[in-house]
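Note that the protein sequences, when read in sequence, are chains A and B. By this note's numbering, the letter at position 139 of the first sequence is numbered 139, and the numbering carries on one by one without gaps. Numbers in this note's numbering are just positions in the second sequence, counted from 1, shifted up by 330.
Hints are not guaranteed to be accurate.
Partial pick of chain B residues on the chain A-facing surface, computed with a CB cut under 8 Å [as the list claims (entries may be wrong)]:
1. Tyr388
2. Met426
3. Leu460
4. Pro560
Derived list of chain B stretches under chain A, where covered just means 3 residues or more per stretch with a C-beta under 8 Å from a C-beta of chain A [stated by the list, open to error]:
5. 342 to 349
6. 356 to 363
7. 542 to 548
Heads up, simulated DSSO-like pairs for lysine-lysine below, C-alpha to C-alpha not over 30 Å straight-line [what the hints assert, rightly or not]:
8. Lys341/B with Lys142/A
9. Lys392/B with Lys225/A
10. Lys240/A with Lys225/A
11. Lys142/A with Lys345/B
12. Lys434/B with Lys181/A
13. Lys341/B with Lys145/A
14. Lys322/A with Lys433/B
15. Lys145/A with Lys392/B
16. Lys225/A with Lys142/A
If you are wondering where the hints come from, they were derived from the structure by calculation, not from laboratory data. We put the beta carbon where it would ideally sit given N, CA and C, even for glycine.
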Amino acid sequence: MDRPSPNFHPGLIGSAPQAPAPPKTGVGIIKRRRGTGVYVTWLVAPSTIWLILFLIVPLLSIIVFSFWQINDQNVMVPNFTLVNYAEYFHTEGFFDPSSDKFLTLSSNILTLWTTLRLTMEVMVICLLLAYPIAYFLAMQVKAFKWQLALFLMCMVPFWTSYLIRTVAWVPMLGRRGLVNKFLLWIGIVEKPLGFLLYSEFSLTLALVQLYVVLCIGPIFFSLAKIDNSILEAARDMGAKPYQIFREIILPLSLPGVAIGMIFIWVMIMGEFATAGLVGGGKMALVGNSIIDLMGTGQYPPASSIALMLMLTMMIGVFIILKLVDIRKQL
Amino acid sequence: MARWTAERKKKAWIKTLFSGYYILFIIFIFGPMFAMFVLSFQGRLAGTNFPMRSYGFYWWKKLIEPSVVGDMQGALLRSIILALIVMVITAVFSTMLGMAFRKKFVGSGLLFYMIMSGIMVPGILISLGLAMVLKVLGITPTWWFSALGVHVIWTLPFGFLIMMAVFNRFDHSLEEAARDMGASEWTVFKEVTLPLILPGVVAAGLFGFTLSYDEFARTTQVAGEFNTLPLDIYASFTQRIRPTIFALGTGSTIFSIMLIGLFVLVYTLIFRRK
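Model the full structure from these sequences, guided by the hints.
What follows is the structure, encoded as structure tokens:
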């Protein structure tokens, strides 16, 4: 009973194994076709309008407003200027050998690079942490009930406040925090470590903890979809466990890995709150630049930064999609 | 026979190893929250670190008293009302979309990607864009209009995915049978489709509730004069970290976990009825 059938499917997302379609009678088909057009329009119209108003228009407006300017009264005026972009790439004293900024990239580009580097670090750590969990849930836990329970356990943090989970790191990592107390107690360090909180370390750790669950889901689903009979066949033909993993399991789970990567990629590129709360403001991320500029009403420069961020993100997603074909997953 | 037992032993050993890793992972995810939970139960004399200097409910009481933490109660109320509206809209929209997406239609691919961008586009960008549009149009952002708008953009893809999964496993011949017996489209939906997909609809709605209740990034620029709870929490974090925040964090987390409990309960009840 506890061994899933070859057709087993956890069935949370994705297509269930389809039963052979029942033969359709001509009457049914004609009947359905008649009403379909109008009926579907009404079904999708409210959501489509909502999406246009609150998603498409705001995103397009970022492109438009990045070419606008603000006047002396701090009001946005229509224009078509590349000033915001010039500002984006501009460094004072770039061509001046006596300046200390000689041949330094603009601060916006450096911020983008910092964000990019941090995102990639977090992404790699998340994948390394999440894959074994997903593998354990999908391959080693056999009973469906347990599989679901342990999976949901991992997902619980996703339903709790992201801010509170971030701040919860403060009493853990501070100079007098739990981790330092523990390290002192077992005698690894003599003085409390200062770099644990308000540093790149704490920022990376908090981001990993916040977003790692997003990797587990997709990888778990793609692993759970793998047909048991393929693994059995490989085993019968004498494949070693690591061969089965490398030749069958890993390639088949790549779509899930790619989706997890895309999740982490887009979420962390737009991150800003954590940088202040546990990063101590030491690392400025692109999101922080946008928020700062918006605070002073500098919308057009904020838009140009946002647009550059969007472009970088799209390039990243494009590269991930080029490397892995995720359509198998959908 | 000997080889078989050796193999079995190895398998059991690997499983134990994975289980141990799973437990460590769970500690990593929940550990910090647990420390915060313990630290919230301190007396008046308190710090933001261990060891605890005194024990009690002082900071919990402070949380309930007005004036101390600003308009926390108002923010909580607004967040709950907003989450309830988002819940209903998410459930209704996802169901409608799920029904429409059972068949390909003109523009279905485009619409699919539009819905999914709700997850894929960082909240800060949507918030920035909408804030600028409202500014140019001279509309004042409010939590029940602009914040509601972006919240649904965030929750809809999740509800939609749930409904897609539900309709994937749906037996269309039941509807077909009802139709053949002369039921109108509305009757088919009310009497046949809805009862069967109800667990999915409830799941989509509750997902919408929790996601909206905790939403922060999208709301930052478009909530207007009155904050939602996460915005208020963020504002209090940026001042100074005090044990009130631990009490608040614990309270909020317990609330979220109770919601998940409710979700599981409702789900099993509806499921069992069948």
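How the hints compare with the structure:
no., hint, result
1, Tyr388, "violated, 17 Å"
2, Met426, "holds, 4 Å"
3, Leu460, "holds, 4 Å"
4, Pro560, "holds, 6 Å"
5, 342 to 349, "holds (count 4)"
6, 356 to 363, "holds (count 7)"
7, 542 to 548, "holds (count 3)"
8, Lys341/B with Lys142/A, "holds, 13 Å"
9, Lys392/B with Lys225/A, "violated, 50 Å"
10, Lys240/A with Lys225/A, "holds, 21 Å"
11, Lys142/A with Lys345/B, "holds, 11 Å"
12, Lys434/B with Lys181/A, "violated, 60 Å"
13, Lys341/B with Lys145/A, "holds, 21 Å"
14, Lys322/A with Lys433/B, "holds, 28 Å"
15, Lys145/A with Lys392/B, "violated, 42 Å"
16, Lys225/A with Lys142/A, "holds, 14 Å"
The structure shown violates the earlier hints numbered 1, 9, 12 and 15.
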